[in-house]
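> Here is what each chain is made of, one letter per residue.
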Amino acid sequence: MDTSTLAIEVNGISKSYGTVKALDKVSLDVRRGEIFGLIGPDGAGKTTLYKILVTLLNADEGSARVDGLDIVKDYRNIRSRVGYMPGKFSLYPDLTIEENMEFFATLFGVTVEQNYDLVAPIYKQIEPFKKRRAGRLSGGMKQKLALSCALIHKPSVLFLDEPTTGVDAVSRSEFWDMLHNLREQELSILVSTPYMDEASRCDRIALCNTGHILDIDSPKHMVEKFDGKLYGIKARDMYGLLKNLREDNSITNCYTAGEFHHLLAGAGFDADKLKQNLVAQGHSDVEIKPIVPDIEDVFIKLLSNE
Amino acid sequence: MSNTHFIIQVKNLTKQFGTFTAVDHITFEVERGEIFGFLGANGAGKTTAMRMLCGLSYPTSGSGTVAGFDVVKEGEKIKRHIGYMSQRFSLYDDLTVMENMELFGGIYGVKSRKLKERATALLQKLDFFEERDTMVSALPLGWKQKLAFAVATLHRPEIVFLDEPTGGVDPITRRQFWEMIYQAANEGTTIFVTTHYMDEAEYCNRISMMVDGKIKALDTPTNLKKSFNAASMDEVFRILARDAQRGD
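Keeping their order, the protein sequence lines are chains A and B.
With the working numbering applied, the first sequence closes on residue 306, and no number is skipped along the way.
With the working numbering applied, the second sequence closes on residue 248, and no number is skipped along the way.
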C-alpha cells in the first residue's frame with residue numbers, strides 16, 4: 001500500500017482496561033486531506049483510540065502509523081506533527097488567551113506570528129479578549145482557544161476528540177464550517193462526535209460502539225446501502241402508537257425519531273392495512289409515509305443486527 | 001398556594017449577576033402532566049432559569065410557584081418536592097444500584113420500608129432487579145441514565161427536571177430513555193427537560209425557546225414549525241438562535 005496517501009493507518013488495535021475491552025481489533029485508514037469522523041456514543045472507545053494515536057497510551061496489540069510514522073518507534077516525531085484537542089478542556093486556566101497561545105507555540109519551537117495565517121480565521125474571533133484568563137472564558141470561546149492552540153505549530157494531522165459535545169446546534173454547525181476551512185489548508189482531520197447528525201459533514205465516517213467498528217464508508221453511501229424499507233408514522237397519541245406498533249408482526253423494528261416514529265417493514269407489511277388496523281384500535285390522525293433513512297437509522301440497524 | 005392546573009407558573013422571573021441580566025423577565029406556565037421542552041442556545045440563560053425553578057437560586061425580581069411553592073421564599077420546600085437529574089451528576093459510582101436508591105431515597109425522606117418497596121418495584125419495572133447489588137461504576141452509561149431517572153422519581157415528585165439527560169448516549173438507549181419519559185408522563189408526572197437533540201424536541205407537548213435571557217417562542221412543536229414556516233424543530237431553533245447576541 002502506498003503509505004504517502006494515508007494520514008492515519010490503524011491495523012488491529014486492541015486495548016483493555018482490566019476486564020473491560022475498550023478497543024477490540026480496530027482498523028481504519030484516514031486519507032490525506034480528509035475529514036474522517038468517528039461516530040459513536042460514550043464507551044465506544046473513541047478517546048482510547050485518540051490517546052493511542054497521539055502516543056499518550058500504548059496499545060495491547062496491533063499497529064498504527066500517523067503521517068507515515070510508526071506510533072511506537074517514531075513517537076517523538078509524531079508528537080511534533082499532530083495537533084490534539086482532547087475532549088476535556090486541557091489548557092492552563094490561569095494563563096490568558098495570549099499566554100496559552102505563546103506557551104504552546106514555544107513548546108513546539110515556533111512563534112504565534114509564524115503560523116498566524118493558519119489560526120487567524122479562528123483566533124481572530126477570540127483575539128479581542130486575549131488578556132482574559134482561559135479559566136474565565138465561556139464554553140464556545142474555550143473551544144476556539146483549544147483549537148487555536150492545537151493548530152499553532154502547523155500540524156499535518158489534527159485529532160479532535162468530541163469538540164462539539166454539549167454545544168448548541170448553531171455553534172456546532174459553525175464549528176464544522178471552521179473544520180472545512182482547515183481542510184482547504186491540506187490538513188487531515190480525525191474528529192469524533194456522539195451527534196449522528198454531524199456525520200454528513202465528514203468525508204468518511206466509522207460508526208463505532210463498545211470498542212468495535214460497525215462500518216466505515218462515506219455518509220452518503222452508508223445511507224444508500226441501507227437494506228430494508230423504512231417508513232415514518234405518526235398519530236395523535238404517539239406513545240400509544242409505539243406500543244401498538246410493537247405488537248405488529250409485520251414490523252421488524254420501530255422506534256421514536258422525532259415528529260414521526262420510524263418503522264422497518266418486515267415480511268407481509270402493508271401500509272394501508274396497518275393504517276386501517278390502527279384506526280380500528282382507536283388511533284386518530286394516522287399518517288404513514290416511506291422515508292429515506294439517516295445515519296441514526298443505519299446505526300440502529302447495525303446495532304440490532306449484532 | 002397549589003394551583004390545580006399549572007405545576008409551574010412564573011411571572012417576570014429575572015436574575016441579574018451584577019450588571020448582567022442572565023434571565024430577563026420570563027413569564028410562562030407548565031401544565032400538570034405535560035412534557036415541557038426548555039430549549040435555547042448556549043449562554044441563553046437556561047441553566048440559570050432552571051436553577052431558580054428548582055429552588056437552588058433566588059430570583060432578583062419576579063414571582064411564581066413550582067409544585068405549589070413560592071420561588072421567591074420557599075426554595076427549600078421546592079427542592080424537597082421536585083425530582084432532578086442532570087447528565088453531569090446523577091449517581092455514586094462506588095455504591096451499588098440498591099445503595100444509591102437507599103441513599104437518595106433517604107435524603108428525600110422516604111421511610112425505609114416504603115423505600116425498599118418502591119426501589120424494588122422500580123427496578124423490576126426496569127427489568128433490572130437482578131443487578132441490584134452491582135456497583136454503579138460497572139454499568140454501561142445508558143443503564144446509569146435510566147437508573148438515575150428512577151432515583152430522581154423515588155420520592156414520587158409531581159415534576160421532574162431533566163438537564164440534558166441523554167448526552168453521549170447511543171441512539172437505541174436514548175430512545176429507551178424517552179420511552180421512560182413518555183411512560184412517566186402517561187402516569188401523570190410532569191417532565192421539564194432540556195436537550196441539544198432537536199428530534200427530542202419533537203417529543204415534547206410544548207417547547208419554549210430562550211434567546212439572550214428571554215423566552216422568544218413558546219408553543220407546540222407543530223405550531224412552532226407552522227409559525228416559523230420551518231420543516232423541522234432544528235430549523236426553528238436555527239432561525240431563533242441566529243439572532244442571538246450572547247454567545248457561550
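Source of the hints: derived by calculation from the structure; they are not laboratory data.
Every residue gets a Cβ at the ideal spot worked out from N, C-alpha and C, and that includes glycine.
Treat the hints loosely; a few may be bogus.
[To be verified] Dumping the calculated DSBU-like pairs for lysine-lysine here, alpha-carbon to alpha-carbon at most 35 Å: (1) B:Lys214 - B:Lys114; (2) A:Lys273 - A:Lys21; (3) A:Lys73 - A:Lys142; (4) A:Lys243 - B:Lys225; (5) A:Lys301 - B:Lys144; (6) A:Lys21 - B:Lys125; (7) A:Lys243 - B:Lys73; (8) A:Lys88 - B:Lys214; (9) B:Lys144 - B:Lys114; (10) B:Lys125 - A:Lys229; (11) A:Lys220 - B:Lys226; (12) A:Lys273 - B:Lys125; (13) A:Lys130 - B:Lys125; (14) A:Lys154 - A:Lys131.
[Said to hold, decoys possible] The following residues of chain A were derived to be distant from chain B, with all beta-carbon distances above 12 Å: (15) Pro93; (16) Arg172; (17) Glu184; (18) Arg204; (19) Met238.
[To be verified] Restraint ranges, calculated between C-beta atoms of paired labels, are given here: (20) B:Lys77 - A:Lys220: 27 to 37 Å; (21) A:Tyr92 - B:Asp93: 42 to 52 Å; (22) A:Gly228 - B:Lys226: 28 to 38 Å; (23) A:Gly135 - B:Met135: 27 to 37 Å; (24) A:Ser218 - B:Ala231: 16 to 26 Å; (25) A:Ser284 - B:Thr27: 26 to 36 Å; (26) A:Arg136 - B:Lys214: 39 to 49 Å; (27) A:Gly135 - B:Tyr58: 22 to 32 Å; (28) B:Asn205 - A:Asn58: 46 to 56 Å; (29) B:Met135 - A:Glu61: 26 to 36 Å; (30) A:Glu61 - B:Asn229: 52 to 62 Å; (31) B:Leu56 - A:Gly268: 51 to 61 Å; (32) A:Lys289 - B:Lys226: 11 to 21 Å; (33) B:Tyr92 - A:Gly18: 40 to 50 Å.
> Against each hint, give a clear statement of whether it holds in the structure.
Now for the hints, and whether the structure bears them out:
For the proposed pair Lys214 (chain B) and Lys114 (chain B), the alpha carbon gap of about 42 Å is over 35 Å, so the pair is violated. Distance restraint check for Lys273 (chain A) and Lys21 (chain A): the Cα-Cα separation of roughly 46 Å exceeds the 35 Å cut-off, and the hinted pair is therefore not satisfied. Restraint check: the Cα-Cα separation between Lys73 (chain A) and Lys142 (chain A) comes to about 34 Å, which is no more than 35 Å; the hinted pair holds. Taken as a hint, the Lys243 (chain A) and Lys225 (chain B) pair is honoured in the structure, with Cα atoms around 27 Å apart against an allowance of 35 Å.
For the hint pairing Lys301 (chain A) with Lys144 (chain B), the CA-to-CA distance comes to about 23 Å; that is within 35 Å, so the pair holds. For the given pair, Lys21 (chain A) sits about 30 Å from Lys125 (chain B) by alpha-carbon distance, which is consistent with the 35 Å threshold. The straight-line distance between the Cα atoms of Lys243 (chain A) and Lys73 (chain B) is roughly 43 Å, outside the 35 Å bound, and the hint therefore fails. Restraint check for Lys88 (chain A) and Lys214 (chain B): satisfied, since their Cα atoms lie roughly 30 Å apart, inside the 35 Å limit.
Distance hint between Lys144 (chain B) and Lys114 (chain B) is fulfilled; the C-alpha atoms sit about 23 Å from each other, no more than 35 Å. Straight-line distance between C-alpha atoms of Lys125 (chain B) and Lys229 (chain A) comes to about 32 Å, which keeps the hinted pair within the 35 Å bound. Restraint check: the Cα-Cα separation between Lys220 (chain A) and Lys226 (chain B) comes to about 30 Å, which is no more than 35 Å; the hinted pair holds. Restraint check for Lys273 (chain A) and Lys125 (chain B): satisfied, since their Cα atoms lie roughly 33 Å apart, inside the 35 Å limit.
Straight-line distance between C-alpha atoms of Lys130 (chain A) and Lys125 (chain B) comes to about 54 Å, which puts the hinted pair past the 35 Å bound. For a cut-off of 35 Å, the pair hint linking Lys154 (chain A) to Lys131 (chain A) stands: about 23 Å separates their Cα positions. Look at Pro93 (chain A): its CB is around 17 Å from the nearest CB on chain B, clear of 12 Å, so calling it non-interface holds up. The Cβ of Arg172 (chain A) does not lie farther than 12 Å from every Cβ of chain B; its closest approach is about 8 Å, which violates its non-interface assignment.
Even its closest Cβ contact with chain B, about 24 Å, leaves Glu184 (chain A) beyond 12 Å, as expected for a residue assigned away from the interface. No beta-carbon of chain B comes within 12 Å of the beta-carbon of Arg204 (chain A); the shortest separation is about 20 Å. In this structure Met238 (chain A) is not separated from chain B by more than 12 Å, as the shortest Cβ-Cβ distance comes to only about 7 Å. A hinted range of 27 to 37 Å is violated for the C-beta pair Lys77 (chain B) and Lys220 (chain A), which are about 55 Å apart.
Range check, Tyr92 (chain A) to Asp93 (chain B): about 28 Å between beta-carbon atoms, so the 42 to 52 Å window is missed. Separation of Gly228 (chain A) from Lys226 (chain B) is about 32 Å and conforms to the stated range, judged on CB atoms against 28 to 38 Å. For Gly135 (chain A) and Met135 (chain B), the Cβ-Cβ distance of about 33 Å falls inside the hinted range of 27 to 37 Å, so the restraint holds. In this structure the supplied range 16 to 26 Å holds for Ser218 (chain A) paired with Ala231 (chain B), their Cβ-Cβ distance being about 24 Å.
For the pair Ser284 (chain A) and Thr27 (chain B), the beta carbons lie near 33 Å from each other, so the given range of 26 to 36 Å is met. Against the hinted window of 39 to 49 Å, the Cβ-Cβ separation of Arg136 (chain A) and Lys214 (chain B) comes to about 25 Å, which falls outside the hint. With their beta carbons about 27 Å apart, Gly135 (chain A) and Tyr58 (chain B) fall inside the hinted range of 22 to 32 Å. Between Asn205 (chain B) and Asn58 (chain A) the C-beta distance comes to about 51 Å, which sits within the given range of 46 to 56 Å.
Taking 26 to 36 Å as the suggested C-beta distance range, the pair Met135 (chain B) and Glu61 (chain A) conforms, at roughly 28 Å. In this structure the supplied range 52 to 62 Å holds for Glu61 (chain A) paired with Asn229 (chain B), their Cβ-Cβ distance being about 55 Å. Remark: the range hint 51 to 61 Å for Leu56 (chain B) to Gly268 (chain A) is upheld by a beta-carbon distance near 54 Å. Under the hint 11 to 21 Å, the C-beta atoms of Lys289 (chain A) and Lys226 (chain B), about 19 Å apart, fit the expected range.
The supplied range of 40 to 50 Å is broken by Tyr92 (chain B) and Gly18 (chain A), whose beta-carbon atoms lie about 20 Å from each other.
Violated hints, listed in ascending order, are 1, 2, 7, 13, 16, 19, 20, 21, 26 and 33; each of the other numbered hints is respected by the structure.
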